[in-house]
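Got two chains here, separate frames each, mind docking them using the hints?
Here the protein sequences come in this chain order: A and B. Residue numbering for the first sequence is 17 to 132, as defined by the working numbering. Residue numbering for the second sequence is 7 to 120, as defined by the working numbering.
Please keep in mind that the hints were generated in silico from the structure rather than gathered at the bench. Here the structure is a predicted model, which is why all the values come from computation and not from measurement. Treat the hints with care, since some could be wrong.
In silico DSSO-like pairs for lysine-lysine, Cα to Cα no more than 30 Å straight-line [to be verified]:
| # | chain 1 | residue 1 | chain 2 | residue 2 |
| --- | --- | --- | --- | --- |
| 1 | B | Lys63 | A | Lys77 |
| 2 | A | Lys77 | A | Lys131 |
| 3 | A | Lys87 | A | Lys77 |
| 4 | A | Lys65 | A | Lys85 |
| 5 | A | Lys127 | A | Lys87 |
| 6 | A | Lys65 | B | Lys15 |
| 7 | A | Lys77 | B | Lys15 |
| 8 | B | Lys63 | A | Lys85 |
| 9 | A | Lys74 | A | Lys124 |
| 10 | A | Lys74 | A | Lys85 |
| 11 | A | Lys74 | A | Lys127 |
| 12 | A | Lys77 | A | Lys124 |
| 13 | B | Lys63 | B | Lys15 |
| 14 | B | Lys63 | A | Lys131 |
| 15 | A | Lys124 | A | Lys87 |
| 16 | A | Lys131 | A | Lys74 |
| 17 | A | Lys127 | A | Lys77 |
| 18 | A | Lys87 | A | Lys65 |
| 19 | A | Lys124 | A | Lys65 |
| 20 | A | Lys87 | B | Lys15 |
| 21 | B | Lys15 | A | Lys85 |
| 22 | A | Lys131 | A | Lys85 |
| 23 | B | Lys63 | A | Lys65 |
| 24 | A | Lys65 | A | Lys131 |
| 25 | A | Lys77 | A | Lys65 |
| 26 | A | Lys74 | A | Lys87 |
| 27 | A | Lys87 | B | Lys63 |
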Amino acid sequence: AQSVSQHNHHVILSEAASLELGCNYSYGGTVNLFWYVQYPGQHLQLLLKYFSGDPLVKGIKGFEAEFIKSKFSFNLRKPSVQWSDTAEYFCAVRRNYGGSQGNLIFGKGTKLSVKP
Amino acid sequence: DSGVTQTPKHLITATGQRVTLRCSPRSGDLSVYWYQQSLDQGLQFLIQYYNGEERAKGNILERFSAQQFPDLHSELNLSSLELGDSALYFCASSARTGETDTQYFGPGTRLTVL
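Just chain B, with the same shape it has in the complex (with noise of 0.2 Å):
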């Protein structure tokens, strides 16, 4: 158990539609980075948080966004969802962001679009 939490665990839903991914990271840690795991592209790097604010974007989709909260709790928002973002949606905390830090890696979310 690395300490980083994520809800739900799985998460079925229609093309279309909207979902709010949520994740907690390890006590601690200011950290909050997303990754997206797919069979065609691999583990892609979303974006990331450094104690509430932005640090760093990847391949992240316009009908994506995140946010993390004071509690230092991030959420993912999918939106117009499409059958290709279908994929397992990881989260992973570190204690900050500097050269010696380790990210440790939440559970995922299964999202499957229909």
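Isolated chain A (complex conformation) (with noise of 0.2 Å):
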């Protein structure tokens, strides 16, 4: 069956500090690849989103993500956190049949604590 594996479950960085959050899929296919920020009692947000083109993207809040195909693998980064970046992040998947079905795939999330 198809997983969306995020490696970390909580992190801690401090303030400054560079993160990087792992993001790896299993399926072998046409895939478009999202990122969704959940700050603490919100809901789902947009980070940043790969469909084609540039494997390098750049989302809000200065993250960016790189799709590397050979590794199947997604992984979020941010050179410099804030504390505002308290949050937790989910990496998601959506295969593509031709666009007859969208319903993402999602990673177990990895929480993460800055500290001021």
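Below, the structure written as structure tokens:
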């Protein structure tokens, strides 16, 4: 069965540290890739997405992600985190069946705690 | 604010009961998706509707059902509730259902079954 793996359950960083959150998926076909963020008590917000083209994708709030097809990975990065980045981060994959279905398959999430 | 609205925000009910969760998609969006977020299972896709018709089914229990109405709002019906159904239920919407669609999530309904 297709799965999405996020390697770290909980990451604790100090402000200004660099961040990299891992995401791997198991599906071999064409995929769309997403990172969503969930701030405490809030709903999921889209950080960035990859559909095609340049594998380095820039999102909101200084986040970026790199799609490496050969590694089935889509890691999220930020050069310098802030306390306000404390949240849970979800990687999601959508398989393409030629456009007929659109549901996302989510990883288990990574909680990021940034110490001021 | 994503433009997707969900009501109610919180719901507390007892085992064996039935509840209805409501979702209004972003203006113009034809697709609605329901997801369940629980501590043990994470975020799981339940069901998708596109322009009133069921398009895809995920890990949705037989006790659960959904529909999308002509005005495109959707309702998720949960019946014979069990303790394990306690979770956050998210609705998401997208313009269509194609490869370049992005899903926007609502604030969720937190269901507590006692």
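Right, here's what the structure says about each hint:
no.: 1; hint: B/Lys63 <-> A/Lys77; verdict: violated, 34 Å
no.: 2; hint: A/Lys77 <-> A/Lys131; verdict: holds, 18 Å
no.: 3; hint: A/Lys87 <-> A/Lys77; verdict: holds, 26 Å
no.: 4; hint: A/Lys65 <-> A/Lys85; verdict: holds, 15 Å
no.: 5; hint: A/Lys127 <-> A/Lys87; verdict: holds, 23 Å
no.: 6; hint: A/Lys65 <-> B/Lys15; verdict: holds, 28 Å
no.: 7; hint: A/Lys77 <-> B/Lys15; verdict: holds, 27 Å
no.: 8; hint: B/Lys63 <-> A/Lys85; verdict: holds, 28 Å
no.: 9; hint: A/Lys74 <-> A/Lys124; verdict: holds, 23 Å
no.: 10; hint: A/Lys74 <-> A/Lys85; verdict: holds, 17 Å
no.: 11; hint: A/Lys74 <-> A/Lys127; verdict: holds, 21 Å
no.: 12; hint: A/Lys77 <-> A/Lys124; verdict: holds, 22 Å
no.: 13; hint: B/Lys63 <-> B/Lys15; verdict: holds, 24 Å
no.: 14; hint: B/Lys63 <-> A/Lys131; verdict: violated, 41 Å
no.: 15; hint: A/Lys124 <-> A/Lys87; verdict: holds, 19 Å
no.: 16; hint: A/Lys131 <-> A/Lys74; verdict: holds, 25 Å
no.: 17; hint: A/Lys127 <-> A/Lys77; verdict: holds, 17 Å
no.: 18; hint: A/Lys87 <-> A/Lys65; verdict: holds, 18 Å
no.: 19; hint: A/Lys124 <-> A/Lys65; verdict: holds, 18 Å
no.: 20; hint: A/Lys87 <-> B/Lys15; verdict: violated, 40 Å
no.: 21; hint: B/Lys15 <-> A/Lys85; verdict: violated, 39 Å
no.: 22; hint: A/Lys131 <-> A/Lys85; verdict: violated, 33 Å
no.: 23; hint: B/Lys63 <-> A/Lys65; verdict: holds, 23 Å
no.: 24; hint: A/Lys65 <-> A/Lys131; verdict: holds, 27 Å
no.: 25; hint: A/Lys77 <-> A/Lys65; verdict: holds, 14 Å
no.: 26; hint: A/Lys74 <-> A/Lys87; verdict: holds, 20 Å
no.: 27; hint: A/Lys87 <-> B/Lys63; verdict: holds, 29 Å
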